[in-house]
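Engineer: Chains as they are written, first to last, in numbering that gives the first Met the number 0: chain A, 0 to 168; chain B, 0 to 503; chain C, 0 to 326.
Quick caveat, the hints were computed from the structure, so don't treat them as lab data. Careful: at least some of the hints might be erroneous.
[What the hints assert, rightly or not] Straight-line alpha carbon distances no greater than 27 Å define the calculated BS3-like cross-link-like pairs of lysine-lysine that follow:
| id | chain 1 | residue 1 | chain 2 | residue 2 |
| --- | --- | --- | --- | --- |
| 1 | B | K346 | C | K289 |
| 2 | C | K63 | C | K289 |
| 3 | C | K52 | C | K264 |
| 4 | A | K91 | A | K124 |
| 5 | B | K99 | A | K91 |
| 6 | B | K133 | C | K219 |
| 7 | B | K99 | A | K124 |
| 8 | A | K124 | B | K222 |
| 9 | B | K346 | C | K317 |
| 10 | A | K32 | C | K172 |
| 11 | A | K32 | C | K317 |
| 12 | C | K180 | A | K32 |
| 13 | C | K289 | B | K133 |
| 14 | B | K222 | A | K91 |
| 15 | A | K73 | B | K99 |
| 16 | C | K104 | A | K32 |
| 17 | C | K180 | B | K346 |
| 18 | B | K133 | C | K180 |
| 19 | C | K303 | C | K315 |
| 20 | A | K65 | B | K294 |
| 21 | A | K73 | B | K489 |
| 22 | C | K315 | C | K245 |
| 23 | C | K288 | C | K63 |
[As the list claims (entries may be wrong)] Computed footprint of chain B on chain C; a stretch qualifies when at least three of its residues, placed anywhere within it, have a C-beta under 8 Å from a C-beta of chain B:
| id | region |
| --- | --- |
| 24 | 35-45 |
| 25 | 62-68 |
| 26 | 171-185 |
Glycine residues also receive a C-beta, built at the ideal position from the N, C-alpha and C atoms.
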Amino acid sequence: MKLIPEHRQPTAWFLLAILLTIVGFIAVSYTYKPNDRAFPLMVGYTAIPIILLDFLTLTKTKIGQKISVFFSAKTPEQIDQDADTTERSLGKEMVVFLWMILLVLGIYLFGFLPITPVFVFCWMKYRGAYSVRMSLYSAFCTLAFIYILFEIVLQYELYAGILMEIYGS
Amino acid sequence: MFESLIIGIDNLFSLNSILLLMAGSAVGLLFGAIPGLGGTTAVALMIPLTFGMEPFQAIILMGGIMAATSTGGSVSAILLNTPGIAPNAATTFDGYPLAKQGKAGMAIGAGATASALGGVVGIISLVAVIPIMKEIVLLFTPPEFFMLAIFGLCAIAVSSGDRLLQGLITAIIGLVVGFVGLYDITGTVRYSMGIPLLEDGIKLVPALIGLFAISEMINLAVKGGSIAEDTSSIAISRVSDGVKQVFKNWSTMLVGSGYGTFIGAVPGVGGTVAAFLSYSTQVQRDPDPDVEYGKGNIKGVIAPESANNAKDGGSLIPTLAFGIPGSAETAVFLGVLILHGIEPGQKLLVENEPLVFTLVVALTVSVIFATLVVLALAKYMAMLTMVSVNVLIPTVSVIALVGAYALHTEIGDVVIALIFAIIGYFMIRFNYPRVTFTIALVLGTLTELNFDQTMQIHDGDMTVFLTRWLSVTLLILTVLSLGFPTFRKKVRERNRRREAEASK
Amino acid sequence: MLSRLVTGTAAAALAVGASLLPAQAKNITFLIAYGPGGGFDTVTRKLAPLIEKHLGGNVNVVPKNMPGGRGKKAANYLVNRKPNGRNLLIFNMPGHAMPNIIGEKADYDVRTIDWLARAAEFKYLIVTSARAGKFKTWKDVTSYKDKIKIPMTAPGTTGYLATAILMDSYGIKPNFITGYKSSSKYALGVIRGDGDLTILAKGSFRKYITSKKKNRQAFKDLRPLLEITNGPSQFGVETTGSLGKKELAVLGGDRMIGTTPGTPKAVKEKLANAVFKAVSDPEFAAWGKKVGRDIAPLNAAQTKAKALELFAYYSKFKSVLAASVKK
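The following block holds chain A by itself, in its conformation from the complex:
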């Protein structure tokens, strides 16, 4: 991966993931009848050269520079300068993803109402370093808002969790 400067490597991986998705998409398309796959295939095959071109703009080559200038009137270096410079470590990101995944998993297992205050409280207390009182207060307010608006006023039966679905009424 010497071709691609280190700071652009994460982007390259992202592009690779997209490329693989598109290849998979094209493969699946061939399982459908001609009428069903014509348009998707056109889209899929258009994607591949575009992705490859974008890949080239990430490299430290002359051709990459030229492509970048042609499409965006900026060199890759200028784009690097424009980019958001926030420090983003993969570890930090994974932790946030995990929180969100746990939230959705919790909703799936136990339902919205129990998980809402737990999530709000935990986030504020452990990520935001708020006091227990403040965290509890926000947790309660969010729960009250959701409960009153959705369950009472709108008469939604908010999802109660897969456990309730199986063992409940």
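Given chain A, put chains B and C in place with the hints provided.
Structural biologist: Just chains B and C now, with coordinates in the frame of chain A:
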């Protein structure tokens, strides 16, 4: 007609009606602002309340709701980068950057004012075209729909700014996502991977909630701070500045309203497309902006907001001409009329003209009322951008997920929102535009379906696109819209070179 | 003034909330297999309070939209509930029977549903564009040699199947233009000349008639060609009965209300009684007349018999149906 208008006004101006209208507007604002709920849900949920009412009262309540939702939706689009309803998606592109710069108050002010004016333009157009509205609806057949969709897709090129290549890639992903589910032409379920939830396709609202709201929360969690990066300017940005901006940029507002009315009148296209087209047209009309689009240009808020409110009037055109709803909301609204024993369609206009005008008056007053409420509260709502992220993230994430669930009471939609949140986060991180993804997702199936329908109708003859005047007009517009910015750029470059030479 | 309004709105919201709170345990969910605003939605919402009225006591009947899989999702949901009569659904017959007939996967079987009553039925009408249509009578259609183009919803939908069966019986090979989202969309398609003719429920057709006078109905947008009935024509055109195709009169749709299979007899009887009273309620009939819905009440036993009859009838066309789905 004039007499009916008087009856309509008279119907509205009793204490009871005004209260109903205000209640409707309040509900509409709230439902518009909470992502996932939207006007369709609001109208559907209020149906039982209308049972004890006179038909005109039900119409006033429903009109109040319908007119206010997209105004409410603009607030969350600006403050939280979350389109309250799908047509507000285009408002996020410049609205949220403004909020980040601490100018949320101005953006909300401009959005709300554009909404009110756009709404009024839409309603006036509705009344104006009543005599010829049938012809307008009949103008659009599948070849025209196809060309309109292509015209919309070309907005991708202008909306991605200096990230054209990347914009194309995300657009393709949007198209791919749009292919998932039942294809109405062949009745085949495609790309569902055997998951029943995906058989009906990936729904727009949960996807948008993930892509915009939750991904932004993840981004904030990684970055820290508050939404407004520059909290010092919040006090300076005034709501009234936003109002003034709309009057200053009146042509932007008018063009947006035009798009809204026109596209609203075409059944099956909808406010989201209208807002996108209005936005991209604005970007094209203004090649040398004082602030780059996508980085907080106020005109990028005015254009879509005037369009998505004007479409309320527009979408009533097919409703009144043929009894065919122009949007999901009007579909439910038609249901309400039927429940009250009123048969929609041309008969409604012939036999119940006063009721139609009651609706017209209710829509007008409501859209203005909703705007006044938003303007009055904008200053306080803008404070939300100063709230610390660690309060905002958990509360907004949870409420957004409830919204993703509520639309179809489908837990799988929550998972979809999460998946799109992660995709959306990577798009933010690697600077891949989300705008183009959304445009492609909305227009992709429309393009494919209308192309295939055209081929079925005209036995595979491609020349129909060139032999129908409206189709050709749309094609020329598309080519112009692609070529015009390049042409202008070339001219500007040449002028610059000349200046440089002259100064040597 | 403003503060009074705000308090008023808040009070109204609270009142709505409070009124719903205590009775929640006794709710009956009235499922709607399609999205809000359509025909099933309105009928369900009109019936819900009437069922409440005839059930008596403190029971709420709450309509709930559960669109998905062309109605399959709600039906699957219904049969997977506890059989306690707390869930109702208006089935779209024959649409809901299709997966059972052609052997597509579905959790439910329309033959084993606990039927309660039939609310309404509709019969079809073949229509053409009054402006752009090239056919004046049904005879023009049957003697037409070229392909006949028919705008329609996706393959496998009720209208598609009825048209396929009808055309099959006349030996016409139709050329469907598919992809329209609803019957009103494909009706518009015919009006503007996308195709030659299409099928419409008689009730939906009524909104295209511009004059009320019985003998001088003006058909400005759509004109009827053929009515599917064994009785006299309502619109002064030929009927399938008069043309000797008596067996086609079944083609149409029935809106039948069912609950989870295995519901205890006592519960089911009480419920069936209330639902039948609701669909026979004069208020419901009057409403149907006003908005052009053919209210046609049947009791539980009759509904069950009707469901079996329809199943048997459409099973005869299995090959036509399967072909249309697999196109």
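Engineer: Run every hint past the structure and note whether it holds.
Structural biologist: Each hint, compared with the structure:
Distance check on the hinted pair: K346 (chain B) and K289 (chain C) sit about 13 Å apart at the alpha-carbon level, within 27 Å; holds. A threshold of 27 Å between alpha carbons decides the hint, and for K63 (chain C) with K289 (chain C) the separation of about 25 Å falls inside it, so the pair holds. Taken as a hint, the K52 (chain C) and K264 (chain C) pair is honoured in the structure, with Cα atoms around 21 Å apart against an allowance of 27 Å. Of the pairs offered as hints, the one joining K91 (chain A) and K124 (chain A) holds, with about 18 Å between alpha carbons and a cut-off of 27 Å not exceeded.
The straight-line distance between the Cα atoms of K99 (chain B) and K91 (chain A) is roughly 22 Å, inside the 27 Å bound, and the hint therefore holds. For the hint linking K133 (chain B) to K219 (chain C), the alpha-carbon distance of about 12 Å falls within 27 Å, and the restraint holds. The suggested pairing of K99 (chain B) with K124 (chain A) holds, with an alpha-carbon distance near 26 Å, which does not exceed 27 Å. Of the pairs offered as hints, the one joining K124 (chain A) and K222 (chain B) holds, with about 18 Å between alpha carbons and a cut-off of 27 Å not exceeded.
At roughly 40 Å between alpha-carbon atoms, K346 (chain B) and K317 (chain C) are farther apart than 27 Å, so this suggested pair is violated. A C-alpha spacing of about 22 Å is found between K32 (chain A) and K172 (chain C), which places the hinted pair at or below 27 Å, so the restraint holds. Restraint check: the Cα-Cα separation between K32 (chain A) and K317 (chain C) comes to about 22 Å, which is no more than 27 Å; the hinted pair holds. Of the supplied pair hints, the one linking K180 (chain C) and K32 (chain A) holds, its CA atoms being roughly 22 Å apart against a limit of 27 Å.
Among the hinted pairs, K289 (chain C) with K133 (chain B) is consistent with the structure: their alpha-carbon atoms are about 25 Å apart, no more than 27 Å. Of the supplied pair hints, the one linking K222 (chain B) and K91 (chain A) holds, its CA atoms being roughly 10 Å apart against a limit of 27 Å. A threshold of 27 Å between alpha carbons decides the hint, and for K73 (chain A) with K99 (chain B) the separation of about 25 Å falls inside it, so the pair holds. Straight-line distance between C-alpha atoms of K104 (chain C) and K32 (chain A) comes to about 21 Å, which keeps the hinted pair within the 27 Å bound.
Note on K180 (chain C) and K346 (chain B): the hinted pairing holds, with a Cα-Cα distance of about 23 Å set against a maximum of 27 Å. For the hint pairing K133 (chain B) with K180 (chain C), the CA-to-CA distance comes to about 20 Å; that is within 27 Å, so the pair holds. Between the alpha carbons of K303 (chain C) and K315 (chain C) the distance comes to roughly 19 Å, so the proposed pair stays at or under 27 Å and holds. The hinted pair formed by K65 (chain A) and K294 (chain B) meets the criterion: a straight-line CA distance of about 26 Å does not exceed 27 Å.
Taking the CA atoms of K73 (chain A) and K489 (chain B), the gap is near 16 Å; set against the 27 Å cutoff, the hint holds. Restraint check for K315 (chain C) and K245 (chain C): the C-alpha separation of about 15 Å stays at or below 27 Å, so the hint holds. Proposed proximity of K288 (chain C) and K63 (chain C) is supported: the alpha carbons are some 25 Å apart, at most 27 Å. Counting residues of the region 35-45 of chain C whose CB lies closer than 8 Å to any CB of chain B gives 7, which reaches the minimum of 3, so the coverage claim holds.
Closer than 8 Å: that is the beta-carbon criterion, and the region 62-68 of chain C has 6 residues meeting it against chain B, so the requirement of 3 holds. With a cut-off of 8 Å between beta carbons, the region 171-185 of chain C has 9 residues touching chain B; three or more are needed, and the interface restraint holds.
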